[in-house]
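The task is simple: from the sequences and hints, build the whole structure.
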Amino acid sequence: SQQGEEDPQALSIQEGENATMNCSYKTSINNLQWYRQNSGRGLVHLILIRSNEREKHSGRLRVTLDTSKKSSSLLITASRAADTASYFCATVPYNQGGKLIFGQGTELSVKP
Amino acid sequence: DARVTQTPRHKVTEMGQEVTMRCQPILGHNTVFWYRQTMMQGLELLAYFRNRAPLDDSGMPKDRFSAEMPDATLATLKIQPSEPRDSAVYFCASGNWTGGSEKLFFGSGTQLSVL
Chain A
5 SQQGEEDPQA
15 LSIQEGENAT
25 MNCSYKTSIN
35 NLQWYRQNSG
45 RGLVHLILIR
55 SNEREKHSGR
65 LRVTLDTSKK
75 SSSLLITASR
85 AADTASYFCA
95 TVPYNQGGKL
105 IFGQGTELSV
115 KP
Chain B
3 DARVTQTPRH
13 KVTEMGQEVT
23 MRCQPILGHN
33 TVFWYRQTMM
43 QGLELLAYFR
53 NRAPLDDSGM
63 PKDRFSAEMP
73 DATLATLKIQ
83 PSEPRDSAVY
93 FCASGNWTGG
103 SEKLFFGSGT
113 QLSVL
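Quick mapping for you: the protein sequence lines, in order, are chains A and B.
Under my numbering, the first residue of the first sequence carries the number 5, and numbering increases by one thereafter.
Under my numbering, the first residue of the second sequence carries the number 3, and numbering increases by one thereafter.
Simulated from the structure, these hints should not be mistaken for laboratory data.
A virtual CB, placed ideally from N, CA and C, is assigned to each residue, including glycine.
The reader is advised that the hints may include incorrect statements.
[Claimed, not checked] Going by beta-carbon spacing under 7 Å, a handful of chain A positions derived as facing chain B:
hint : residue
1    : ASN35
2    : LEU47
3    : HIS49
4    : GLY63
5    : LEU65
6    : PRO97
7    : GLY101
8    : LYS103
9    : PHE106
10   : GLN108
In structure tokens form, the structure reads like this:
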């Protein structure tokens, strides 16, 4: 069963704009991760945020986590055409042996 | 660069045939996951192993799917007999679980078509 739900399902923006994707989940977590998938390829890890963290940055990526609302957001600033991909959040539920459960993903299209 | 290797990349087979997918995790990783990706269901967790022992295979249809790790360098996922509804991309991913945070490294997937 899916743990995370992402919003929006699809997002289309112009190069240079910011892209924000949201993820909600159902149970308590150890950490939450974001992955990227280019068409026809495997997923690539982007960033991990632990349950005791509220915000994390990596380059043009900013992730927030609100455990009281069971939600996270991924912000990509100054987007580029090369950021076009699907983005997935994945949760590691608390006390479940480290299994990683993925949401349905957000399909991001960045137009040049 | 270390990477997760999956074979075959593509497989076309007929309904009823046995399918075996193989995965070589990154050397030193102690956890291996199998996921299935379809448009309708997204990424479904099928099974995962830690130190070669199965931890959870509740996502797998037990009557036809089996997953094993014969040794630390090989994980296999078998479907017997295969059905058209098994058509999907199957991903293997490995990671190094240290009791806290673990990120996964994914293979390129096996695209399975069952006719």
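Results for each hint:
1. For ASN35(A), the shortest C-beta to C-beta distance to chain B is roughly 5 Å, which falls under 7 Å, so the interface hint holds.
2. Of the supplied interface hints, the one on LEU47(A) holds, with its beta-carbon coming within about 5 Å of a beta-carbon of chain B, less than 7 Å.
3. Look at HIS49(A): its Cβ gets to within about 4 Å of chain B, closer than 7 Å, so that hint holds up.
4. Annotation: interface hint on GLY63(A) violated; nearest CB of chain B at approximately 16 Å, more than 7 Å.
5. Below 7 Å, beta-carbon pairs count as interface contacts, and LEU65(A) has none with chain B, the closest being about 14 Å; its hint is therefore violated.
6. For the restraint placing PRO97(A) at the interface with chain B, the shortest Cβ-Cβ distance is roughly 11 Å, beyond the 7 Å limit, so the hint is violated.
7. Interface restraint check: GLY101(A) against chain B, minimum CB-CB distance 5 Å, threshold 7 Å, status holds.
8. Checking LYS103(A) against chain B by beta carbon gives a least distance of about 6 Å; that is within 7 Å, so the hint holds.
9. A distance limit of 7 Å between C-beta atoms decides the matter here; for PHE106(A) the minimum to chain B is near 4 Å, and the interface restraint holds.
10. Checking GLN108(A) against chain B by beta carbon gives a least distance of about 4 Å; that is within 7 Å, so the hint holds.
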